[in-house]
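Q: For the sequence shown, the UniProt record's numbering begins at 1 and goes up steadily by one.
I should point out that these hints are in silico values taken from the structure, not numbers from a laboratory.
Please read these numbers as outputs of a predicted model, since none were measured by experiment.
Errors might be hidden in some of the hints.
[Said to hold, decoys possible] When the alpha-carbon atoms are kept at most 20 Å apart in a straight line, the in silico PhoX-like pairs for lysine-lysine are as follows: (1) Lys511 - Lys247; (2) Lys381 - Lys511; (3) Lys253 - Lys511; (4) Lys200 - Lys253.
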Amino acid sequence: MAHRSSEQDCRGEEGTAWKELPWRKQRLRWGQQDLQGLSLGGDRSPSSTEDANTGHARNRTDSIGSSTLEQMKNLALHAQEERQRRSSLNIRRRAAVPLGLALITLLVFAAFVFRSAFVRRIRGLAAHQDDGCTSRYSLFLAYSEESLRRARWVNYSKSHGKRLKFVQAMYRLYEAGDTPVSQLQNLVANEEAWSSVISKAIATSNRVVMQLRFADLGRLTPNVSSERWLAYLNEHLSPHRVLPSDKLLVVDKIVADATNRLFQRFSNDEILELVAWQFIDDYSLANSHQAALVIFGNEDAADEFKPRSCYVLAESRFQRALFLERASSAGPQERQVVDAVEAIFEDVRNTTERLLLSPSASPWLGQEAREEAAAIVRRTKFEPWRSLFGPAGSGTFIARTVFKDYMSSFPRSVASPLSFWIESAKIHKLRFPGWPRDDSMLHRHDQYPFLVQYDYWWNSVYVHLAAAGAPMFYADAPASINYAGIGAAIARQLVRGLDATRGSFLDRQRKVRSWMPRAARRVLYNMTTCTGSWGDALMYIAASQITYEAYRAHRGPAEGRYTVPSRGAHAKFTPDMLFFVSLCRSVCGLGDTCATVLGNSDAFRRAFSCPPSRPAKGGGRCTFFRT
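With the sequences and hints as input, model every part of the structure.
A: As C-alpha cells, this is what we get:
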C-alpha cells in the first residue's frame, strides 16, 4: 500500500482547490467570546425554559443572530491565529458538542451557504404558479434521511463501545488528550440525546404536504417566532426579500417538529458548538490523513472511503461550479451523451403519460384522475440539464469562457477553510444570475445520496451530470442497458409525483388537494401494501414497468444475443435479459429491492423463461400498471 502524507489534501478530479486550504493539525479556540453575537435564541436561563404552569415552552429563540456570516468569518480568522497560540485551546472547556451531527446547520447558515444534514434546506426562492399567475416567492422546507442514518450510526457505535474511543481519538488529534474522561462521556451522552430527539421527530411527525404564510410559521415552531424566521431569512437571502404573506411549502412537519424539540432540549451554546465541531470534523477529513484514520478506523478503510467522502464534501458545497466545470470541459462525445440522456428522459416521461392515460393500463384511476396524473407528468421539469443546456440540447452548451469568468472570481488564497467557504458562498450568490431562483443546484439534497431526485413542490426531476456515466449510462451500450440504468433511475423519481403520501396530494398547479378519488386511493394503498415490504417498493415496480415499455419501443427488430464475460467464462444474454440484469445492478445495495421488483414482473419471467411452476422470489403480482 502506498504511503500517504499527513498533509495529503482532498482533491477531486474536477480540480477543486483543496490544496490551497491551509488546514493541518492546528489548535482551535471555540470559547465563549468567539460565540458572542451568534445567538440563535435566548440563553439557557430559567426564564427561557418550560413554564410549569402552562406546560408550554416560552420563546427561547427570538433573537436569531443577524450577522452570523460575518461573525463566523471572524471566528475562522481567530482560529487561524491560534496556530501560533497552542496553549489557548479551549475545546475542553465546552464538552457538550455532539460530534459529526450538524443537524441544525440551517438555523445558522440558512443552508444556502453550507450543507445541513437534518434540515435539508429551505429550497431556492422560486416564482410559484398560483391560479395561473406568477406569485411572489415560495420556500420549500424538507428534511434529509441522511440524519436518520447518522443517528443510527451513533447508536450503533455507542452500543459497541466505539463512540467514546472515537471522541478520545479526535481530542488527542487536536492535542486535547488530557480532557477528563467524564467530560467526554457527557459529550457522548449529549450526542445520543440529540439523535434521540431527531429520531423521535421523524417517527412521530405528520407527513402531509401543506402550505402556509410566513406570518403563520411560528405556529409550527413555537420556540422560533415567525418574525425571527423572516428577519433571519431576509438577512441571508438579500437582495430577495421574504414578506409575511409569502408562502412556505412543507413536505411534512418533521423539520418544524424537530426544530422545536431541539431548541427546547438544547441551549444556544450547545447548538453553536455542534456546528463548530461539524466544521472541524469535515475539514479534518478533507485535509488530514491522520484525521481520516481516526474517522474510518484504519488505513484500508480510509483509502476506500475517504475519496468518496471528499467528493461528497466538495460536491455539496460547490455543486454549481462542479457541474459547470464538467460541462465546459465536455468533448464531442460527452455532448452527445447530454442529448442521449435527455432523449431517455423524454421517452420515459412520454411512456409514463401514455400508460396513465390508457384505461387498460391504469383502470383503477378513473378518467379524471388519469388526466390529472398525466398532466403532472407532462409538466415535470428536467433539471439542471434544461436550465443549463437549453431546449436545443448541446447546441447551447456552456462555453468555456463563461465557466472561466465564473471561477476567476473565487478566492485563491484564504486564511482558513472556513473563511474560504464563507467567501466562496458570498461570491457565488453575487455572481450567479438570478440567485437563488434560477440556481437549480439548490433544488436537491445538500448531501450526495442520490444521483436523481424528485422535488415535489417544483415537480422537477434533478439528474446530476455524474449519472451520465458508468454504471448508469454507457455511450456505446445497447438501449436495454441504458434504459435499465439511468432510465430506471429517472422513472423511479418521476413516479413520486403519483405516490400515496405526497404526490397524490399535489395537483398539476402544485395546489394542495387530493386529486385522486377515494376509491382509487384505496386501491393505491392496497397496492402499496401488496408487496409486504416497504412503501416505496410499489413505485420501484411502477418505474420498472415504465422503463421496460420505453426500452421495448427502441429495441431493434432482429437484435441477437450479447456475449458478456462472467467469472472467467462468457454468458450470452438477450436484450431483455440485459435489461433486467442492468436494472438490478442499478439498485444494488438496496436490500430486497431487486427481488421484489423482479418477483412481480411478468416481463422478467418471459425474458428468462421462468416456468409457471417455479415462481420467482417475492412471487406476488403487485403491479402499478396493467401491462
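Q: Could you tell me which of the numbered hints above are not met by this structure, giving the numbers in increasing order?
A: Result: no hint breaks.
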